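Enquirer: Now for the letters of each chain:
2 protein chains.
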Amino acid sequence: MILDKSLKEALFTCSILVQKKMSDLLILEESQDSHLLEAMRYSALSEGKRLRPFLLITCANLFGAPTISSLNAAAAIEFVHTYSLIHDDLPAMDNDDFRRGNLTSHKKFDEATAILAGDALLTYAFEILSSAKTHEDPLIRCELIKILSRSSGFRGMVSGQMIDIENKNKKITKEKIANIHRLKTGELFMASCEMGAVIGKASNEDKKHLKYFAHDLGLLFQIKDDILDYKGIKRGKTDIDEITKPKNSDNISIVHTIGIEAANQQIELLCDQSKTHLKYFGHKARILNELIDYVSLRSS
Amino acid sequence: MILDKSLKEALFTCSILVQKKMSDLLILEESQDSHLLEAMRYSALSEGKRLRPFLLITCANLFGAPTISSLNAAAAIEFVHTYSLIHDDLPAMDNDDFRRGNLTSHKKFDEATAILAGDALLTYAFEILSSAKTHEDPLIRCELIKILSRSSGFRGMVSGQMIDIENKNKKITKEKIANIHRLKTGELFMASCEMGAVIGKASNEDKKHLKYFAHDLGLLFQIKDDILDYKGIKRGKTDIDEITKPKNSDNISIVHTIGIEAANQQIELLCDQSKTHLKYFGHKARILNELIDYVSLRSS
Chain H
1 MILDKSLKEA
11 LFTCSILVQK
21 KMSDLLILEE
31 SQDSHLLEAM
41 RYSALSEGKR
51 LRPFLLITCA
61 NLFGAPTISS
71 LNAAAAIEFV
81 HTYSLIHDDL
91 PAMDNDDFRR
101 GNLTSHKKFD
111 EATAILAGDA
121 LLTYAFEILS
131 SAKTHEDPLI
141 RCELIKILSR
151 SSGFRGMVSG
161 QMIDIENKNK
171 KITKEKIANI
181 HRLKTGELFM
191 ASCEMGAVIG
201 KASNEDKKHL
211 KYFAHDLGLL
221 FQIKDDILDY
231 KGIKRGKTDI
241 DEITKPKNSD
251 NISIVHTIGI
261 EAANQQIELL
271 CDQSKTHLKY
281 FGHKARILNE
291 LIDYVSLRSS
Chain Z
1 MILDKSLKEA
11 LFTCSILVQK
21 KMSDLLILEE
31 SQDSHLLEAM
41 RYSALSEGKR
51 LRPFLLITCA
61 NLFGAPTISS
71 LNAAAAIEFV
81 HTYSLIHDDL
91 PAMDNDDFRR
101 GNLTSHKKFD
111 EATAILAGDA
121 LLTYAFEILS
131 SAKTHEDPLI
141 RCELIKILSR
151 SSGFRGMVSG
161 QMIDIENKNK
171 KITKEKIANI
181 HRLKTGELFM
191 ASCEMGAVIG
201 KASNEDKKHL
211 KYFAHDLGLL
221 FQIKDDILDY
231 KGIKRGKTDI
241 DEITKPKNSD
251 NISIVHTIGI
261 EAANQQIELL
271 CDQSKTHLKY
281 FGHKARILNE
291 LIDYVSLRSS
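Sequences listed follow chains H and Z, in order. Once you know that position 13 of the first sequence is 13 in this note's numbering, the rest is easy, because the numbers rise by one and skip nothing. Once you know that position 283 of the second sequence is 283 in this note's numbering, the rest is easy, because the numbers rise by one and skip nothing.
Since the hints were made in silico from the structure, they are not lab data. Among the hints, erroneous ones may be present.
It does not matter which identical chain is used: a pair holds within one copy or between any two.
What the hints assert, rightly or not - Listed below are the simulated SDA-like cross-link pairs for lysine to any residue, each with C-alpha atoms no more than 20 Å apart in a straight line:
(1) K176 x H35
(2) K168 x E111
(3) K8 x L85
(4) K176 x N102
(5) K176 x S34
(6) K133 x E143
(7) K201 x L139
(8) K201 x A132
(9) K5 x D293
(10) K168 x S34
(11) K170 x K284
(12) K168 x D110
(13) K168 x Y42
(14) K201 x P138
(15) K168 x H35
(16) K176 x L28
Quantities reported herein were computed from a predicted structural model and do not represent experimental measurements.
Next comes chain H alone, as it looks inside the complex (with noise of 0.2 Å):
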């Protein structure tokens, strides 16, 4: 059980994990196109936290599901986070030739392959929760199915990606960008804690305090990745000199709505929240409570 291991343990047992599940699906087969899988291999299993597998897996385990249950719906969500990232960072998107210091999959590739990639990553997703192999109960399946699709759909994730670009360069408030943040990572903070607690078949109640504790954590990873975006740690930046100026101003940033200090405020208060909506699982959602820490302090 990751749940039992110190929280460094913990995510790198899990990393590895779903880095050997992630590579074995993506394996070259009859009739296949080897440069689109290439392309779908250089982004899925490139450097990551994996803190999506890393929920999903640590709340089946919350409920007694074993990890080796839920790598498979773990390894979906992760190329459902891996599609997002491909076509955020497109020319007609955000524009990044750089994700984590790799050359984004347009620069290494082309624009045609990353947004087929892309759409071949978010397709497999699918695939795989459809598969007896990722769970044996038909209606376990369709109930992660349903649960990624919406999350990650026209009323989730897509729609925040939307409303990001729509907002570009627009001044907007602290209450729409905290919408905005919801949508492109709370859902999917949201989608990873509801689904590990599916395969755990945890209560109604379970799963509504575990979703409060998702959403706080999102909107505390996105605030925190603004800060040291405004920062200029992101992206391989930390030349002094290079971080007097803001990377990427024109995005939609709550540094340059509400100002840093009020920014650090608001991470303080999301790490208290969402420790409160953890209580009610006692101590076994210790490693939960060490990640919110490790959200809050993390510095890349």
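Knowing the structure of chain H, use the given hints to seat chain Z on it.
Expert: For chain Z alone, kept in the frame of chain H given last:
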């Protein structure tokens, strides 16, 4: 039952029912982005033959499943088809300004909106299929999701788009073109029939014959498309001055490889062949037989 009508009547009824279902499924909810939904509706509800929904519904009918029981699945496959057209038309892909006389999504809106509308329609298809409203049996829902995701993903349609782009402006064999056609069009035709068969709880033997039929119909459809494209009839071009030079001469086309005469012979051959596969179903398959002639004789 669609099955008992004349082909013309059946196609008409089917397109009305599917249009209504798609429209009902794309209704604005609270906290949703209206711009994104507008783009989704613009492409999904624009004029179309609705061949894939027709195949799905007719095949379900063939095994006794009423039309109403397969409308959700029919809408889902049309959403996937629509998403593929939106992304295919993008500047980085085929770079088309018009589709069936209307502006393409990225021309009507912008590239970011088109990418996201495609993503959202693809994701929504799986949400619909996971719902108990689509079918009461979760095992059947999982089957439908598996068929649609596999046929439209990196082993199916998306792979076809990739190989198509990779081979643009290259001289390739007719076998390679047939493979691209099978992946780009045939896979979704086969999926339509198989999904209908699953809803109708058809036997494996039934499914096998339908698969062969759909495979040949897909090829037939695509060769006819190439012929119409070659003649300049597609995309609203009918003026004799405009049809002297083939439109989209950089596109993969069977006509450019084997010539117009051989392409017409292929059409005849595939007509006969696909009708042979339907003999197994006897008189019940009348409307599918008529569909073969309709596809091979169509002028748009």
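Enquirer: Does each hint fit the structure? Answer for all of them.
Expert: A quick look at each hint next to the structure:
For the homomeric pair K176 and H35, the shortest alpha-carbon distance between copies (16 Å) is at most 20 Å, but the shortest distance inside one copy (40 Å) is not. Taking CA atoms no more than 20 Å apart as the test, K168 paired with E111 passes between copies only; the shortest distance there is 15 Å, against 22 Å inside one copy. For a Cα distance limit of 20 Å, the shortest separation of K8 from L85 qualifies neither inside one copy, at 25 Å, nor across copies, at 45 Å. For the identical chains of this complex, K176 and N102 are neighbours neither inside a copy (31 Å) nor across copies (34 Å), given an alpha-carbon limit of 20 Å.
With identical chains, the CA atoms of K176 and S34 are at most 20 Å apart between copies only, with a shortest distance of 15 Å across copies and 42 Å within one. In this homomeric assembly, K133 and E143 come within 20 Å of each other (Cα to Cα) both inside a single copy, at 15 Å, and across copies, at 13 Å. For the identical chains of this complex, K201 and L139 are neighbours both inside a copy (12 Å) and across copies (18 Å), given an alpha-carbon limit of 20 Å. Taking the shortest Cα distances, K201 and A132 sit within 20 Å of each other both inside one copy (17 Å) and across copies (19 Å).
With identical chains, the CA atoms of K5 and D293 are at most 20 Å apart within one copy only, with a shortest distance of 16 Å there and 65 Å across copies. With identical chains, the CA atoms of K168 and S34 are at most 20 Å apart between copies only, with a shortest distance of 17 Å across copies and 37 Å within one. Taking the closest pair of Cα atoms, K170 and K284 never come within 20 Å of each other, the shortest separation being 44 Å inside a single copy and 60 Å across copies. When the C-alpha separation of K168 and D110 is checked against a cutoff of 20 Å, the pair qualifies only between copies, where the shortest distance is 14 Å, while the shortest distance within a copy is 25 Å.
Proximity of K168 and Y42 under a CA criterion of 20 Å is satisfied in neither setting, with 29 Å inside one chain copy and 24 Å between copies. With identical chains, the CA atoms of K201 and P138 are at most 20 Å apart both within one copy (14 Å) and between copies (17 Å). Only between protomers do K168 and H35 lie at most 20 Å apart by alpha-carbon distance; the minimum there is 15 Å, versus 34 Å within a single protomer. Proximity of K176 and L28 under a CA criterion of 20 Å is satisfied inter-copy only: 19 Å between copies versus 43 Å inside one chain copy.
When held up to the earlier numbered hints, the structure conflicts with 3, 4, 11, 13 and fits the remainder.
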